[in-house]
Structure formats: C-alpha cells, structure tokens
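Engineer: Sequence:
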Amino acid sequence: MSAVRRQQLFREARAFCDSFAAHASPDEMIAKHFSAKFLPYRNDISVLEHGVPQIAPFVGRKFQGKSGVRKYFETVSQYLTYDNVSFLDSDFMVDPQTYKVAVRGKGRFTWKSTGQSWIESIHYQLSFAELEIGCLMRLVSYEVWADTGAAYLASKGLLDVSEGSDSDRTPEVIT
Numbered sequence: 001m002s003a004v005r006r007q008q009l010f011r012e013a014r015a016f017c018d019s020f021a022a023h024a025s026p027d028e029m030i031a032k033h034f035s036a037k038f039l040p041y042r043n044d045i046s047v048l049e050h051g052v053p054q055i056a057p058f059v060g061r062k063f064q065g066k067s068g069v070r071k072y073f074e075t076v077s078q079y080l081t082y083d084n085v086s087f088l089d090s091d092f093m094v095d096p097q098t099y100k101v102a103v104r105g106k107g108r109f110t111w112k113s114t115g116q117s118w119i120e121s122i123h124y125q126l127s128f129a130e131l132e133i134g135c136l137m138r139l140v141s142y143e144v145w146a147d148t149g150a151a152y153l154a155s156k157g158l159l160d161v162s163e164g165s166d167s168d169r170t171p172e173v174i175t
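Using the UniProt record's numbering, the final residue of the sequence shown is 175, and nothing's skipped along the way.
Simulated from the structure, these hints should not be mistaken for lab results. Among the hints, erroneous ones may be present.
Pair by pair, the computed Cβ-Cβ distance ranges are [claimed, not checked]:
# : residue 1 : residue 2 : range
1 : Gly65     : Asp18     : 22 to 28 Å
2 : Pro53     : Asp95     : 38 to 44 Å
3 : Ser77     : His50     : 25 to 31 Å
4 : Asp89     : Leu158    : 32 to 38 Å
5 : Lys66     : Thr98     : 20 to 26 Å
6 : Gln78     : Arg11     : 28 to 34 Å
7 : Val4      : His50     : 30 to 36 Å
8 : Ser19     : Lys112    : 19 to 25 Å
Lysine-lysine pairs mimicking DSS-like chemistry, simulated, CA-CA at most 25 Å apart [to be verified]:
#  : residue 1 : residue 2
9  : Lys100    : Lys156
10 : Lys71     : Lys112
11 : Lys156    : Lys71
12 : Lys112    : Lys62
13 : Lys112    : Lys156
14 : Lys71     : Lys32
What you are looking at is a predicted structure, and each value in this text was computed from that prediction instead of being measured. Glycine included, C-beta positions come from ideal geometry on N, C-alpha and C.
Please model the complete structure; the sequences and the hints are all you need to start from.
Structural biologist: In structure tokens, the structure reads:
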C-alpha cells in the first residue's frame with residue numbers, strides 16, 4: 001500500500017507543479033488540485049508563503065479556504081511573472097506516512113513594476129489527504145519557501161543583477 005500511495009502522491013504533486021509551471025489559472029489550480037471537501041482534521045485548504053509580511057502582500061500570510069487560495073494566486077500574479085519554472089523528478093521527496101511531498105524547483109521570476117528578474121530555487125511542502133480510502137489525493141496545504149530577499153530588492157528596484165541573483169551559483173566561502 002505504501003508504494004502505491006507513494007506513487008499516487010508523486011503523481012498528484014507532479015501534476016500540481018506542472019500546472020503552476022504552465023500558468024494555470026487560480027480557478028483551474030483549485031479545481032484540479034485542492035480538496036473542495038471539508039476535512040474534519042483540517043481547518044480548510046490553505047497556502048502559506050513563508051517570510052516577513054512586509055516583503056510582499058503574498059508573503060507571511062496564511063490564505064485559507066477556496067477564496068483565500070484564489071486570492072493568493074491572484075496576488076502573486078498581480079506582482080510577479082515567472083517563466084522557465086521546472087521541477088526534476090529527482091527533486092520530489094514523498095512521505096506516504098504523513099501524506100506530504102517536499103519538492104524543489106527552479107525558475108525565473110520578475111517583479112512587474114520594476115521589471116527586475118532573478119533566478120531562484122523554490123521549495124514547496126505539499127500536504128495531501130485522501131478524499132475517500134484508496135481514492136483521489138487532493139492538496140489541503142501548500143507551503144512555499146522562496147527567495148524573498150531577491151523579491152524584496154526587485155520590488156524596490158534594488159536588485160543588483162550585475163552581481164548575479166542566481167541562487168544556484170556557487171556561494172562565497174567564508175572561513
């Protein structure tokens with residue numbers, strides 16, 4: 001059962017990430033991937049992008065329920081565009097015991113008002129629930145960890161792209 005559940009969780013997580021990368025609409029994301037059914041052990045579906053709320057209107061706030069999740073995706077698209085977002089199969093870590101998937105992706109993000117772009121690694125924790133025993137898995141919680149520092153600098157027009165903002169570049173070694 002664990003191997004089947006692992007495959008099922010991987011498929012659902014991969015489908016969600018592919019929909020995000022393909023710029024699916026908020027309503028399409030919700031309909032295809034989030035649970036519409038109230039789950040007694042969860043408050044409701046939710047999205048949380050970790051960070052300090054002063055960085056951006058979509059950071060550091062929990063968006064809850066169908067309207068909250070829609071608002072999150074709409075708010076992100078109001079401030080950011082993105083392209084070349086990709087997720088390698090090897091970057092998905094599936095835990096069938098807890099119904100959670102951690103995934104790392106990479107993409108190019110642009111702050112709309114300043115036009116400043118950066119390449120970053122994004123990290124998700126996706127929590128799923130079975131709608132019925134052995135049935136479809138659906139997202140109940142979507143958590144995001146991203147380069148909020150680059151987003152903040154880009155929002156202020158202060159991102160120094162000459163220094164390179166690619167989070168996959170070799171970091172400076174300090175001894």
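Engineer: Note whether the CB distance of aspartate 89 and leucine 158 lies within 32 to 38 Å or breaks it.
Structural biologist: holds (36 Å)
Engineer: Could you check the hint for me, namely that valine 4 and histidine 50 are 30 to 36 Å apart, CB to CB?
Structural biologist: With a Cβ separation near 31 Å, valine 4 and histidine 50 satisfy 30 to 36 Å, so the hint holds.
Engineer: Is the hinted pair lysine 71 and lysine 32 satisfied, with a Cα-Cα distance of at most 25 Å?
Structural biologist: holds (17 Å)
Engineer: For the pair supplied as a hint, lysine 112 and lysine 62, confirm whether the alpha-carbon distance does not exceed 25 Å.
Structural biologist: holds (23 Å)
Engineer: Between lysine 66 and threonine 98, does the C-beta distance stay in 20 to 26 Å?
Structural biologist: The hint (20 to 26 Å, Cβ to Cβ) holds, given that lysine 66 and threonine 98 are roughly 24 Å apart.
Engineer: What's the verdict on lysine 112 and lysine 156, does the C-alpha distance respect the 25 Å limit or exceed it?
Structural biologist: Since the Cα atoms of lysine 112 and lysine 156 sit roughly 11 Å apart, the hinted pair holds (cutoff 25 Å).
Engineer: Given the hint of 19 to 25 Å, is the C-beta distance from serine 19 to lysine 112 inside that range or not?
Structural biologist: holds (21 Å)
Engineer: Go ahead and decide if the range 38 to 44 Å is satisfied by the Cβ distance of proline 53 to aspartate 95.
Structural biologist: violated (29 Å)
Engineer: Just to be sure I understand the hint, the distance between the Cβ atoms of glycine 65 and aspartate 18 should be within 22 to 28 Å; is that true here?
Structural biologist: holds (24 Å)
Engineer: Does lysine 156 pair with lysine 71 here, judged by a C-alpha cut-off of 25 Å?
Structural biologist: Holds, because 23 Å separates the two Cα atoms, which is no more than 25 Å.
Engineer: Falls inside 28 to 34 Å, the C-beta gap from glutamine 78 to arginine 11?
Structural biologist: Hint holds: Cβ distance 31 Å, inside 28 to 34 Å.
Engineer: Given the hinted pair lysine 100 and lysine 156, is their alpha-carbon gap at most 25 Å?
Structural biologist: violated (35 Å)
Of the numbered hints stated above, those contradicted by the structure are hints 2, 3 and 9, listed in ascending order.
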